[in-house]
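**Student:** So the protein sequences, as listed, match chains A and B.
Counting along the first sequence from 1, when you hit position 215 you're at 215 in this note's numbering, and nothing is skipped either side.
Positions in the second sequence are counted from 1; adding 220 to them yields this note's numbering.
Since the hints were made in silico from the structure, they are not lab data.
No residue lacks a Cβ here, since even glycine has one placed at the ideal position from N, Cα and C.
A portion of the hints provided could be inaccurate.
Said to hold, decoys possible - Restraint-style ranges between C-beta atoms, simulated for each label pair: (1) Met178/A x Ala408/B: 33 to 39 Å; (2) Gln209/A x Leu243/B: 53 to 59 Å; (3) Thr395/B x Leu171/A: 43 to 49 Å.
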Amino acid sequence: MSTEQKPAKEGLFSKKNRALLTDPLNSNNPITVQVLGICSALAITVKLKPAIVMSISVLVVTTMANLITSLMRNMIPNRIRIIVQLVVVATLVILVDQVLKAFVYDVSKQLSVFVGLIITNCIIMGRIEAFSLGNTPWKSVLDGLGNGAAYGGILIIVAFFRELLGNGTLLDYPVVDMLGLYDFGYKNNGMMLLPPMALIVVALIIWVQRAKTPSLIEKD
Amino acid sequence: MNINSNKYTYIFAVVMVVLVAALLSIAATSLKPFQDKNVELEKKSDILRSIGIEGEDADALFTQYITEQLVIQNGAAVASEVSAFDIDMASAVALSAEERQVPLYKAVVEGNTYYVLPLRGKGLWGPIWGYVALEGDGNTILGATFGHKTETPGLGAEIATPIFQDQFPGKKLFTEAYEGIEVRKGDASGDQQVDGISGGTITSVGVQTMISDCLAPYKKYLMSIASAAAVPAVDTLGLAADTTLTTAAL
Numbered sequence: 001m002s003t004e005q006k007p008a009k010e011g012l013f014s015k016k017n018r019a020l021l022t023d024p025l026n027s028n029n030p031i032t033v034q035v036l037g038i039c040s041a042l043a044i045t046v047k048l049k050p051a052i053v054m055s056i057s058v059l060v061v062t063t064m065a066n067l068i069t070s071l072m073r074n075m076i077p078n079r080i081r082i083i084v085q086l087v088v089v090a091t092l093v094i095l096v097d098q099v100l101k102a103f104v105y106d107v108s109k110q111l112s113v114f115v116g117l118i119i120t121n122c123i124i125m126g127r128i129e130a131f132s133l134g135n136t137p138w139k140s141v142l143d144g145l146g147n148g149a150a151y152g153g154i155l156i157i158v159a160f161f162r163e164l165l166g167n168g169t170l171l172d173y174p175v176v177d178m179l180g181l182y183d184f185g186y187k188n189n190g191m192m193l194l195p196p197m198a199l200i201v202v203a204l205i206i207w208v209q210r211a212k213t214p215s216l217i218e219k220d
Numbered sequence: 221m222n223i224n225s226n227k228y229t230y231i232f233a234v235v236m237v238v239l240v241a242a243l244l245s246i247a248a249t250s251l252k253p254f255q256d257k258n259v260e261l262e263k264k265s266d267i268l269r270s271i272g273i274e275g276e277d278a279d280a281l282f283t284q285y286i287t288e289q290l291v292i293q294n295g296a297a298v299a300s301e302v303s304a305f306d307i308d309m310a311s312a313v314a315l316s317a318e319e320r321q322v323p324l325y326k327a328v329v330e331g332n333t334y335y336v337l338p339l340r341g342k343g344l345w346g347p348i349w350g351y352v353a354l355e356g357d358g359n360t361i362l363g364a365t366f367g368h369k370t371e372t373p374g375l376g377a378e379i380a381t382p383i384f385q386d387q388f389p390g391k392k393l394f395t396e397a398y399e400g401i402e403v404r405k406g407d408a409s410g411d412q413q414v415d416g417i418s419g420g421t422i423t424s425v426g427v428q429t430m431i432s433d434c435l436a437p438y439k440k441y442l443m444s445i446a447s448a449a450a451v452p453a454v455d456t457l458g459l460a461a462d463t464t465l466t467t468a469a470l
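Only chain A is shown next, with the shape it has when bound in the complex:
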């Protein structure tokens, strides 16, 4: 960890730093490329509002966890570093859970155990272990923001389609009803509300993404 070289003064948003923020959004997306954090993507994407709250929570936790571990990276004893990472993440998650319970109680009830399960979200531990333990705080924050936003972005896209097609609403606003589609015999697709459909929507996103970015296609 102490092997990092002092590079020549680098701009806050140099090309390399920007890549930390934008890579996860496309070519290195944690869900669609690394296939991490799928479990929660299935569970809380039935409606848009919980998905947004979950995205923000994960964004906050990844960013803060990356920042804190990066600040401590030269102090953490190597043998207990995984425990230290877990403690940092768990503390942040408990704080987020408590804040949600206090200020957005209804959403916190819908998210139920999944807030607690942010601790086990592989994206967070993965980013700490792979990135923030060996990089400066600023870079780690960018990396955390990028990965959190990438995760949240996919969550919100999936939740958008599931709530719209499954429930005919967006953020509980009856969009389909407003458009008057029910008069033409349109029916909500209840299957969209079931967990397997989240997998299928994620798969469709992966398909679209790979079709647009050929470099992601594995050559076998």
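Let chain A serve as the given structure and place chain B on it in line with the hints.
**Tutor:** For chain B alone, kept in the frame of chain A given last:
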């Protein structure tokens, strides 16, 4: 300093744990009042929902509509150390029907008196609960709401949806033949029947058991209301005569 020595590792771990513990306790203590308030507001809006009142400010609506909160034991209002609102139903239903002290909320909406009874029972995976609101006769159901902790989504969890709950208004709790509401399969046209959830049989039966179990402590009290409503003249005699009159009224 060698950050990989045993001594340093121990010190690091201890300091970290103490700091984190302090931080979390401070957060938990300072946020507790907000969290308790949320739980209380949820309970209030649940009670209000059973009498068909929904609104943003549950606190104000609750004070406006709920005029009286009684503690009932064995069919009579009793004085209790715990206020009716603070009674923990989970521990109350663990006692026998005679020993239980349970809350009864009296609501007055546009001149009509309603009675709200809390329910608590077992579903398939965990506890289920709810509120049933009765009309002024203490027998006809005005509305019912149910909640659950871990029932299966799409099956047992459907008890918390309008599809199930909307069957309750107009049904009756007491007749000579039966006390409670029968949750059955298929035809549910009877006065005391509702259609259960297909695939959610154990939860449906749980609702039925919960209603008859939670009703028991209120029975005499509700019947005295029922008889008073049926024979208005009795009202002046007071509640003492209730047991003899109920049979006549029903």
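**Student:** State for each hint whether it applies.
**Tutor:** Against the structure, the hints come out as follows:
A C-beta distance of roughly 35 Å is found between Met178/A and Ala408/B, which places it inside the suggested range of 33 to 39 Å. For the pair Gln209/A and Leu243/B, the supplied restraint of 53 to 59 Å is violated, since their beta-carbon distance comes to about 40 Å. The supplied range of 43 to 49 Å is met by Thr395/B and Leu171/A, whose beta-carbon atoms lie about 46 Å from each other.
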